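Input sequences plus hints: build the corresponding full structure.
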Amino acid sequence: MTAPAIVAEGLTKHYGSTRALVDLDLDVAPGQVFGYLGPNGAGKTTTIRLLLDLIRPTAGRAEVLGLDCRSQTIEVRKRVGYLPGELELYEDLTAAEMFGYFGALRGDRRPPYAVELSERLGLDPSRRIGTLSKGNKQKVGLIQAFMHKPELLILDEPTSGLDPLVQHEFHDVLQETAAEGRTVFLSSHVLSEIEHLAHVVGIIRQGSLIVVEEIEKLKEKASRRVEFLFAQPVDANAFGSIDEVSDATFSGRSATFTVEGSVDGLLKAAAGFEVLDMISHAPDLEEVFLRYYQEGSDA
Amino acid sequence: MRSVFERSVLERKKGLIGWSIGLFALVAFTLALWPSIRDNPEFDEILKELPESLRALVSEHSVTSPVGYLESRLFLYLVPVLFAIMTIGRLGDGLAGEERRKTMDLLLANPITRGRVVLEKFAASVASLFVPGVVLFGTLWLGATIVDLDITPYGLVSATLGSMLLAIVFGALALWIGALTGKKGTATAVAATAMTAAYLLHSVAPSVDALESLQKLSPFYYFLSNSPLENGLAPGHVVVLVAVIGAFVSLSVWSFRRRDIAV
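Chains as they are written, first to last, in this note's numbering: chain A, 11 to 309; chain B, 4 to 266.
It cannot be assumed that every hint is accurate.
[Unchecked claim] Taking lysine-lysine and the PhoX-like style, the derived pairs with C-alpha atoms no more than 20 Å apart in a straight line are:
1. Lys144/A - Lys88/A
2. Lys105/B - Lys147/A
3. Lys105/B - Lys144/A
4. Lys186/B - Lys105/B
[Stated by the list, open to error] Here are a few chain B residues that face chain A, going by a calculated C-beta distance under 7 Å:
5. Arg10
6. Leu13
7. Arg104
8. Lys105
9. Asp108
10. Ala112
11. Pro114
12. Leu164
13. Glu233
14. Ile264
[Claimed, not checked] If you want the ones that stay clear, here's a sample from chain B, every Cβ over 10 Å from chain A, calculated:
15. Thr106
16. Thr199
17. Tyr224
Bear in mind the hints are in silico, worked out from the structure with no lab data behind them. Since this is a predicted model, take the numbers as computed values, not measurements. Quick reminder that beta carbons are idealized off the backbone N, C-alpha and C, glycines included.
Shown next as structure tokens:
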């Protein structure tokens, strides 16, 4: 059996009286794209820097690829690619020089994937990093994380500063990575990105993990809007007893329902009338996300 | 670039060239004045009039003698202090600067131990110091022949290496403070203050009874007391300087390994 990509047990980090991370338990399966979602300052970067042994836990422990993060950190880092959230590069070097430098530290001065990725993301590696735009610097950061084809990618806010076209290409790269069975730990405060890319999402808030759930399951829980256009105005009472419908508005021949979970009950009720048109909107994960946050803050 | 060592040397190559040019100019200027000093023994008379405390600032030898002249003009403080400023700047920046520029996270995401980063940065700084070191020695050696200043290559090598060792002591202190605090400003300030204090202690101590016994606390003592231009470096003194450097470097590794890297 392959070891989990990431395991954390009671991982805790305090800075003085600030509790940056509280008793985190985490289990990321290999081959997964794990979305680590939370607002800025929630503890995402703290978690990542603990995994890489850049900072030391106040309590608890973590394993990456079956290796202890503290005592086996060199072995861990050989097999991990990392993009820091607050990316700063060697401004005096060209991107190619930096890839060569980091490649050499990893035992291969010419990481072959660096060239391919530069082409795909549209980066001129012969330019000095100091002269690059923010988006292009982000590309350099991404490429150095991917160029040695690591088993686990730990990416902190990877698409910040990337234009939509490059984001699209990056998403392709990420999906190829997952398809090759490699694991991606993707930290982001952008819900749509996690929704689009991740299989599983962990939501973190004020240093605590609130929930870990498969994206598909989360979508099932999410509310969606369903609109009907009927041939005749309908009787609201016919839709009164459907559990999944939380809200309904009727206006002439049209009706709009908010559904949480299955739409089956609603469709069966609507089938009693002549339906001219029906629009089902995508489930609103944002709303679920916000709900978790509010629940979190009530607790 | 194949290593942190190589990167750290190349990173500052422009500075290195600047230091070397400056040093060449300083030495050339100093040597150019030699003929006029040599032929004016009255300089010694003027210096004898100085209060005792100020006389510590010039050589115990006659300033119109080759050894006394080079000591007073270069090796008593100017060269060691310049070397030390350069080394403190580099080693204070070595860890703490990379941390402040926030590239340390990226560097340490590579499979390289923190201890190794410390040691390679230290080694790079020592290697870099050989560039102005060779310029100093080369300029003095050639220049001394030209202006007919009678000094042995052995004396010049000893004084140059001694200046470097002394500089590395304070550089290693800066490395340690940087490793400990992650703050470049603190690292540089502590090391520069220590250097100033050590220099003052060494130069003032002989004329103040209360301080005389403390003279051996100053690293300058282990460089200068044997008069390296004349007698070379005392092996025992070299051992002391190397031991202090070794202690600071070990402390740097130890401190850097055990703390959080700043965000």
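Structure-based check of each hint:
The hinted pair formed by Lys144/A and Lys88/A fails the criterion: a straight-line CA distance of about 27 Å is larger than 20 Å. For the given pair, Lys105/B sits about 14 Å from Lys147/A by alpha-carbon distance, which is consistent with the 20 Å threshold. Straight-line distance between C-alpha atoms of Lys105/B and Lys144/A comes to about 15 Å, which keeps the hinted pair within the 20 Å bound. With a C-alpha separation of about 12 Å, the suggested pair Lys186/B and Lys105/B falls inside the 20 Å cut-off, and the hint holds.
The restraint placing Arg10/B at the interface with chain A holds, with a minimum CB-CB distance near 6 Å, inside the 7 Å limit. At a threshold of 7 Å, the smallest CB-CB gap from Leu13/B to chain A is about 9 Å, leaving the interface hint violated. Checking Arg104/B against chain A by beta carbon gives a least distance of about 6 Å; that is within 7 Å, so the hint holds. Checking Lys105/B against chain A by beta carbon gives a least distance of about 4 Å; that is within 7 Å, so the hint holds.
The closest approach between the C-beta of Asp108/B and any C-beta of chain A is roughly 5 Å, which is under the 7 Å cut-off, so the hint is satisfied. Interface hint status for Ala112/B: upheld, as the beta-carbon distance to the closest one in chain A is roughly 4 Å, under 7 Å. The beta carbon of Pro114/B comes within 4 Å of a beta carbon in chain A, closer than 7 Å, and the hint placing it at the interface holds. With a least beta-carbon distance of about 31 Å to chain A, the hint placing Leu164/B at the interface is violated under the 7 Å criterion.
At a threshold of 7 Å, the smallest CB-CB gap from Glu233/B to chain A is about 44 Å, leaving the interface hint violated. For Ile264/B, the interface hint holds, since its Cβ comes within 7 Å of a Cβ in chain A; the closest pair sits about 5 Å apart. Its closest Cβ contact with chain A, about 5 Å, brings Thr106/B to no more than 10 Å, contrary to its assignment away from the interface. Even its closest Cβ contact with chain A, about 31 Å, leaves Thr199/B beyond 10 Å, as expected for a residue assigned away from the interface.
For Tyr224/B, the condition that its CB be more than 10 Å from all CB atoms of chain A holds, with the nearest at approximately 40 Å.
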